[in-house]
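Since the structure of chain A is already known, use the hints to place chain B with the ligands on it.
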Amino acid sequence: MNAPVREISYSQAIQEAMAIAMEADERVILMGEDIGVYGGAFQVTGDLVDRFGSDRVMDTPISELGGAGVAVGAAVTGLRPIFEFQFSDFAALAMEQIVNQAAKMRYMLGGAVSVPLVMRFPAGSGTGAAAQHSQSLEAWLGHVPGLKVIQPATPHDVKGMLLAAVADPDPVMIFEHKLLYKMKGPVPEGHYTVPLDKAEVRREGRDVSIVATSIMVHKALEAAEVLAGEGISAEVIDLRSIRPLDRETVIASVMKTSRLICVYEGVKTLGVGAEISAMIAESEAFDYLDAPILRLGGSETPIPYNPELEKAAVPQVPDIIDAARGLARGVR
Amino acid sequence: MSGRAQAMQVEGETSNLPFIYRQYEREQLLDALRKMHLIRRFEEGAEECYMRGLIHGTMHLSIGQEASAMGICMPLVNEDQITSTHRGHGHCIAKGAEVKRMFAEFFGKTTGYCAGRGGSMHIADVSTGNLGANGIVGGGLPIAVGAALTAKRLRTGKVVVCFFGDGANNEGAFHEALNMAAIWKLPVIFVCENNGYGMSTSTARSTAVANVADRAAAYSMPGVIVDGNVLSEVAEASHEAVERARRGDGPTLIECKTYRYRGHSKSDRNRYRTKDEIDDWMTNRDPIRRYEAQLIEFGIATSDELEAIRGSVQQEIDAGIEFAKTSPMPSIDGLADNVYTLEA
Ligand SMILES: Cc1ncc(C[n+]2csc(CCOP(=O)(O)OP(=O)(O)O)c2C)c(N)n1
Ligand SMILES: [Mg+2]
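Heads up: the protein sequence lines correspond to chains A and B, in order. Position one of the first sequence corresponds to residue 154 (our numbering), numbered consecutively onward. Position one of the second sequence corresponds to residue 1215 (our numbering), numbered consecutively onward.
Among the hints, erroneous ones may be present.
Claimed, not checked - No farther apart than 30 Å at their CA atoms in a straight line, the calculated lysine-lysine pairs in the DSSO-like style are these:
| hint | chain 1 | residue 1 | chain 2 | residue 2 |
| --- | --- | --- | --- | --- |
| 1 | A | Lys335 | A | Lys464 |
| 2 | B | Lys1480 | A | Lys335 |
| 3 | B | Lys1480 | B | Lys1539 |
| 4 | B | Lys1314 | A | Lys464 |
| 5 | B | Lys1539 | A | Lys464 |
These aren't lab readings, by the way, just hints derived from the structure by calculation.
Excised from the complex, chain A in its bound form (with noise of 0.2 Å):
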């Protein structure tokens, strides 16, 4: 129970859950674009295939829609892929594969078989990698029913969540931002799991509940602490799961607050932040609400290339400090 706990970074973390994972499960392998000896596009495999070997840690062809049929095929069949998207924005060459055959296998065949697949999308923006290489597609697949799609935002979490997805027997999509692969964080040694349907309080508040995905929960607890010091008292709840969602934690959280902000990178509209408004407006916590629901969320822009720009296209810890203080009005 009480593994000794070191800081390692999140990608590091990535890489340790996947060989606890290879090392209990024969079964267990990884596939992606360059993923062996180049160690993967953001080197999270790393050195694994000095480890396990080029059959289990495999080199795919540039070939996402293939690739990601394969895995398919393989899990469905008695193996336990781990699928490497080099980025995010490559799944919309598999979502075929992901959407009509992952997703609805099971369903189709009235239960007769399982997926349990794992894919991991790095996603988001802030490197400077412009309109194709920066995209928070999350709530594409969390709109298929079939799917599960989680965005750890802490290396404890993404290891927890990473060893829980492959023990699933359903495919589970991880988003994992970008920017959090260098964040160092404690991470116990050994096998450990985090749920993949409850959300966590990551900071405790009265008077406005954030609800925020991925890197937001980082900008979020800034921005709280920021609050703190003018006398708002915020919330901060981390999603960790967009499908399933763990209405409980954030109905709760909004009877106690009141007032709710959802801060997402991905796309404001028809994203993350609308679904859990929605959520919000048809609950018991709807009666508590002292001020209308805020969403900061993406622009409504592709992602672009200059510096300046790109900071401008996804929510910053001012904008959340201003929205905050906006509906907190009142409050003190």
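Here is chain B with the ligands on its own, set in the frame of chain A:
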């Protein structure tokens, strides 16, 4: 005909000379050399600016592949179109773009070809027929086929060149695009710049056939293999393919065997290839040095003249970087410009 005439004096007759020396004027031959230098110095300049933190993001350099970009573009006219790749600076310059506006784009400035929105990976110059580099491997292949469909239906007489890497030939889009181009006999030329690797994965490990050009047979089009580091060979293959396309006889697949000197992008440990392999290409098969040697051997230029070309290229590069540095940054208010054609 001064180029041909001059070469003739040296050789006594032209018929044994490689293709370009029979086909092009001296000025055109020297312009091709100048552009090859411009490509290389542009990329070296961009790399320096990147190292000094003046350019952000990442970039993919085509240093070592200049003959492929230039040779393919030699038979094209301004109205002809190309689709390019993430490794597309060379294509852009060979097709006629100005380096100062390319630098400005890399610096994220309003004067850049994409107004600072695209950067290296989306560099384009529609005015010279470059429909754009592409961040998606294989993304340009069907688009080129679409452009060729336009050319055919509207009888514009344009041909479309589609550049792509060896890695792209394993994407479904490659196969679907070649098939459609063939069944509809479209004026498109597929140019595979085979530099031996898609990122870290060699063609031997990624591709079931020995040559990408072998795949042309599956789509009933000619598949031509050339030494992509010999300008004349590339230009000759391109010339034939362009004539075939303009005649209405349909597509060609050209495979240029070449090599990239630099890493895949700015984050490459180079663990998948040896230093000896890189050195061998740089020392023995450099496309620019080989072309310069021929220009001298065939009496088309003196080494002083070649030196003067290099000097003028350097001036253009320096001026281009200065232009980029002093150009204005876009304003944040313009973030949503051009998401749609008709602004709300
Ligand atoms: C659909 C897609 N998959 C993967 C990538 C990541 N990626 C960018 S370039 C590249 C290698 C491409 O190799 P190749 O086509 O041979 O071109 P080269 O880089 O050698 O010029 C990869 C894997 C991408 N940009 N798009
Ligand atoms: Mg290549």
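Is A:Lys335 within 30 Å of A:Lys464, Cα to Cα?
holds (19 Å)
Sort out whether B:Lys1539 lies within 30 Å of B:Lys1480, counting only the CA atoms.
Holds: B:Lys1480 and B:Lys1539 sit about 22 Å apart, inside 30 Å.
Mind checking the alpha carbons of B:Lys1539 and A:Lys464 for me, to see if they're no more than 30 Å apart?
This hinted pair holds, its Cα atoms lying about 21 Å apart.
B:Lys1314 and A:Lys464 were given as a pair; does the straight-line alpha-carbon distance stay at or below 30 Å?
holds (26 Å)
Quick one, are B:Lys1480 and A:Lys335 close enough, alpha carbons at most 30 Å?
holds (17 Å)
Consistency note: the structure conflicts with none of the earlier hints.
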